[in-house]
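Starting from the structure of chain A, add chain B where the hints point.
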Amino acid sequence: MSFAIAGSLDEALNALAAGARPIAGGTDLVVGIRQGKAQLPTSLVAIDRLDELGHIEPSDRGVQIGSMVSHSRLMVEPTVVSNYTALADGAALVGSPSTRNVGTLGGNVMSASPAMDTGAPLIVLGGVVRLQSAQGSRTVDPSDLWTGPGQTSARADELCVAIDLPPRPAQSGSAYVRLEYRRAMEIAVVGAAASVTLADDGTIIDGAVALTAVAPTIIEVDGAEALMTGLLPDAAAAAIATAASEVARPISDLRASDSYRRHTVGVMAARAVDAAARRAAGEEIAVPVNRAIGVGAPR
Amino acid sequence: MTEPIMLTVNGMDYTADIEMGRNLLSVLRIEIGLTGTKEGCDDSECGACMVLLDGQPVNSCSYLALQAQGKSVTTVEGVMADNELDSLQRILLEEGGVQCGFCTPGVIMSTRALLNRNPSPSEEEIRIGLSGNLCRCTGYAKILSAVARAASDG
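The listed protein sequences correspond, in order, to chains A and B.
Take the first sequence: its position 218, counting from 1, is numbered 217 in numbering that gives the first Met the number 0, and each next residue is one higher.
Take the second sequence: its position 76, counting from 1, is numbered 75 in numbering that gives the first Met the number 0, and each next residue is one higher.
Chain A with its partners taken away, still in its complex shape:
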């Protein structure tokens, strides 16, 4: 058994190469161990103090977000809230303030839960995941990274160091909406993220939709762009609702039946398209959009 607090990225990568597992906020790992769902790794390296992984750097190639950026920071960071709003929506819904304080974007991505709140936003925003090992680094699309519940295609010696998000076109907006039974300490029953770009006449010229908790991984609605292009947001939302329900492959469990999930993911997808289009048109809808237009919105 060994535990080390990495003082540098190289130290962390060398520890992984020697067989250690990384721990950031521990909000998934420690809870899993205490519930008996996960085993305590024999060797752990804490990566949460690595300043190299705590950056949010806008550039002409978009923005790079370090993997150790917390949900608390993501949900208020001006660059993220203005340009990558769906990601702020998702981060703001994770757990409770205490979970969001120590829980990180990289931890959420690498935990590969089909119910993760940052996953669908990353897909519709075109995010790619940067993995690094002592041997070198590579980028991988989230859809290639997530291979099943809690499973990724990353090697054991690879660390998620950052997420790269491309620049946003003009007149674009995004949103993430989830179905929840309570407002805090909740995981998505189902959820949906949408990104939409509008033409001057208000019709959609580009877009993407991804779904949460209706398949073994976060999934993209293939063909969403073609379905929405040329339509006004209302018509696009209706078309996406049908497409989302059709592509969903949900399970039944304690939280919801498969048929309920299949229906409600369409509702969430339509609301996400609607909110994304309103944001693209310049309307300010506060983060998280759930509190403004979605489930739990004040009447």
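It is worth saying that the hints were derived from the structure and are not from the lab.
Be a bit skeptical, because a hint or two may be false.
Incomplete in silico selection of chain A near chain B, CB under 8 Å [stated by the list, open to error]:
| # | residue |
| --- | --- |
| 1 | 39 |
| 2 | 96 |
| 3 | 183 |
Think of the CB as a built atom: it goes at the ideal place given N, C-alpha and C, for glycine as much as any other residue.
Chain B alone, transformed into the frame defined by chain A:
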């Protein structure tokens, strides 16, 4: 197999030898003897175990003690000064925001962090700030009014 640990809690340094998987909560309660912090769900749901880590609320049941080394831990015992109740503790009592009291240490830690960051929160901000703390007695209304009063009384 154990590892040596040094934790800074309420401004004092403590040492112990612990197994790697020990959570911060159990080390605070058993090794250090600060039993104000409670174990409720042991699942990051209820917030009874809330402590501040470098000023931010964290569920100590789901945080490895070894990972808290080098950080400043504040527990409910660190809120009092000169053996006098902190104003928030006094107001919680006066408003009836305490019944069985089991959730109260966690509520106090979440509220302290909220008011340090935002001295005059709206009701919605108070609700979000306390959204990781469950109370099975009060129905929350009296906790919310106590926090609002603590904010306005400074």
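Evaluated hints:
| no. | hint | verdict |
| --- | --- | --- |
| 1 | 39 | holds (5 Å) |
| 2 | 96 | holds (6 Å) |
| 3 | 183 | holds (3 Å) |
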